[in-house]
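Asker: Assemble chains B and C with the ligands onto chain A, guided by the hints.
Chains as they are written, first to last, in this note's numbering: chain A, 1 to 161; chain B, 162 to 493; chain C, 494 to 586.
Think of the hints as simulated: they come from the structure by calculation, not from any bench.
Any given hint might turn out to be false.
[Claimed, not checked] Think about it this way: if two alpha-carbon atoms lie no more than 35 Å apart in a straight line, the pair counts; the simulated DSBU-like pairs of lysine-lysine are: (1) K513(C) / K488(B); (2) K559(C) / K209(B); (3) K559(C) / K333(B); (4) K128(A) / K333(B); (5) K125(A) / K513(C); (6) K559(C) / K513(C); (7) K333(B) / K125(A); (8) K128(A) / K513(C); (9) K456(B) / K281(B); (10) K419(B) / K456(B); (11) K333(B) / K513(C); (12) K209(B) / K513(C); (13) K419(B) / K333(B); (14) K128(A) / K482(B); (15) K482(B) / K513(C).
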Amino acid sequence: MSLFDYVLRLGDNALILGQQLAALTGHGPVIEEDIATANIALDLVGEARLWLSLAGEIEGAGRDEDDLAFLRDEIDFRNLLLVERPNGDFADTMARQFLFDAWHEALLEALSASTDARVAAVAAKSWKEARYHLSHSGGWVIRLGDGTDYSHGRMSGRPAS
Amino acid sequence: MYAQMVDTGVQRLRSTEELDGDERHFQERIDAGVRIEPEDWMPDSYRKTLVRQISQHAHSEIVGMLPEGNWITRAPSLLRKATLLAKVQDEGGHGLYLYAAAETLGVSRDDLIDALHEGKAKYSSIFNYPTLTWADIGAIGWLVDGAAIINQIPLCRCSYGPYGRAMVRVCKEESFHQRQGYDIMTVLAQGSAAQRRMAQDALNRWWWPAVMMFGPPDTESVHSAQSAAWRIKLHSNDELRQRFIDQTVPQADLLDLKIPDPDLRWNEARQSYDIGAIDWNEFHAVVRGDGPCNKERLAARRDAWDRGAWVRDAAAAHAEKTTIERKTGETR
Amino acid sequence: MKDWPLWEVFIRSSHGLAHKHVGSLRAADAEMAIGNARDVYTRRNEGVSIWVVRSADIAASSPGDKEPLFDPARSKVYRHPTFFQLIDGVKHM
Ligand SMILES: [Fe+2]
Ligand SMILES: [Fe+2]
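So that you can see chain A by itself, here it is in the shape it has in the complex (with noise of 0.2 Å):
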């Protein structure tokens, strides 16, 4: 995979994240939580902006962040399945959510590392706000588990009723 596929695909996956969070917004359990989940949505839309950016950039043909976000048709994204993943109920949501950020958290750590000095700074700023994502995905996780015998449920694959 070229530099350029493997950086694009980062994005893809932020983006694509971000996008079906964002449409969360407003329709949240509560408040506090509706706000939360604006906040990661934020960090996601503004990671793909720095990995499509570079993408672009690394490609050298002159796309920004906009049209690899917007001018692509659907079989050229790279992205991960799961981020494509409908937003279904909390439990849905927040399951995608908990093993997209712990796979980003620890991808992103390792990436910090990256030899391409541009990819390490990308990783390392994005890092930070997956840590964040992680607690909070993994709190909800653990609440929804704990909670009552149908948030248990939810939890672990029960169906919706």
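Answerer: Chains B and C with the ligands alone, transformed into the frame defined by chain A:
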């Protein structure tokens, strides 16, 4: 405004001389510019009116997230997406600050939210209009947030401490909202013919609803006198409306956009703009629940709240279990 | 359902001043309260440290006690440097 036609439950305003005891002392403190704090004695009608006004204001912020939230996923660039998301998020924060201010008056946020969902509490008429194009996001920031700022700045000095302090926070954050809206309008107004048309169309649709946001004319504002005496309303509807018009018309001129009012004229004597007749029937219809989006907005809020119920319950249950654990030292 | 408890939020800004009350919020537990406080009250770099306290745990002075609590301090004017008249020519004091 965000709180329109707030009922004070008072039929006739009494002068300070007509009041006695606690009530007189209370009015004298307000007249002297003393801030009322939650623990202080206050007339029941003052408390109830404030709960109505602050909760209406809070509901407006929260319902107001919906029309703009509708465009976050479709914003035309990543920077616009991030900016709009931050803006809509701020409105959620405003709702939260205001609910917290209302709660100092002895009501609970959940009760206030229930009142909204049951259709017993109002929110601003402006949020019952649809956002049809991206230019509407520009028009809302420019006009609606612009109008909100005009209304909110004086409220920072209102008589009730927690409300005034919430407004200070809100106003600080509000400053970028109007600018991002005007920036969107500027780019569209200076863009292609299609973009100009889109900007003009948005202004055409949002102008009158924005003008109506300030509420009925002073001649019909039954409750204003009492609210003014209590210093929870510091300027009349018409005064604020005029301020908004005088500030906004030149901004439209700069963009070469036309205010959709054939009767709009500069009045040299008044040093203000005269405007045409406002269609108050439309305003009252929207307030009554018959605006283009009333049902959709309330349904979206109710739906979010209902779908979140099990989540709120689960978090409460988990917190309770961990508290018991900590008290008894037992682990599960 | 029971309401989530109300928490008061205190933030210390980067200027090194003491924690200052900034507002309140609802949260089910302390960890959530800190997270929410961060998201609600520090979106514009307002702080470097957060305290949250359950509102129900705050003991407050009552407004009826205002006079006995605060009036006595008013008569102690000598606590304020402006009370003392300096003779002409004194510097750095
Ligand atoms: Fe607002
Ligand atoms: Fe705003």
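Asker: Below or equal to 35 Å on CA atoms is what counts here, so check K333(B) against K125(A).
Answerer: Within the cut-off at roughly 27 Å; holds.
Asker: Are the Cα atoms of K128(A) and K333(B) separated by 35 Å or less?
Answerer: holds (27 Å)
Asker: Between K513(C) and K488(B), does the CA-CA distance stay at or below 35 Å?
Answerer: holds (30 Å)
Asker: Mind checking the alpha carbons of K419(B) and K456(B) for me, to see if they're no more than 35 Å apart?
Answerer: holds (31 Å)
Asker: Can the restraint linking K128(A) and K482(B) be considered satisfied, given a maximum Cα separation of 35 Å?
Answerer: holds (31 Å)
Asker: For K559(C) and K209(B), compute the direct alpha-carbon distance and say whether it is at most 35 Å.
Answerer: holds (26 Å)
Asker: Can the restraint linking K559(C) and K513(C) be considered satisfied, given a maximum Cα separation of 35 Å?
Answerer: Within the cut-off at roughly 22 Å; holds.
Asker: So if I understand the rule, the pair passes when the alpha-carbon distance is 35 Å or less; does K559(C) with K333(B) pass?
Answerer: holds (32 Å)
Asker: Keeping to a limit of 35 Å between CA atoms, is the pair of K125(A) and K513(C) held or broken?
Answerer: holds (28 Å)
Asker: Holds or violated: K128(A) with K513(C), Cα cutoff 35 Å?
Answerer: Roughly 26 Å between the alpha carbons, so the hint for K128(A) and K513(C) holds.
Asker: Is the straight-line distance between the alpha-carbon of K456(B) and that of K281(B) 35 Å or less?
Answerer: Given that 35 Å is the threshold and the Cα spacing comes to 14 Å, the pair holds.
Asker: Check the hint pairing K419(B) with K333(B) against an upper bound of 35 Å on the C-alpha distance.
Answerer: holds (30 Å)
Of the numbered hints stated above, none is contradicted by the structure.
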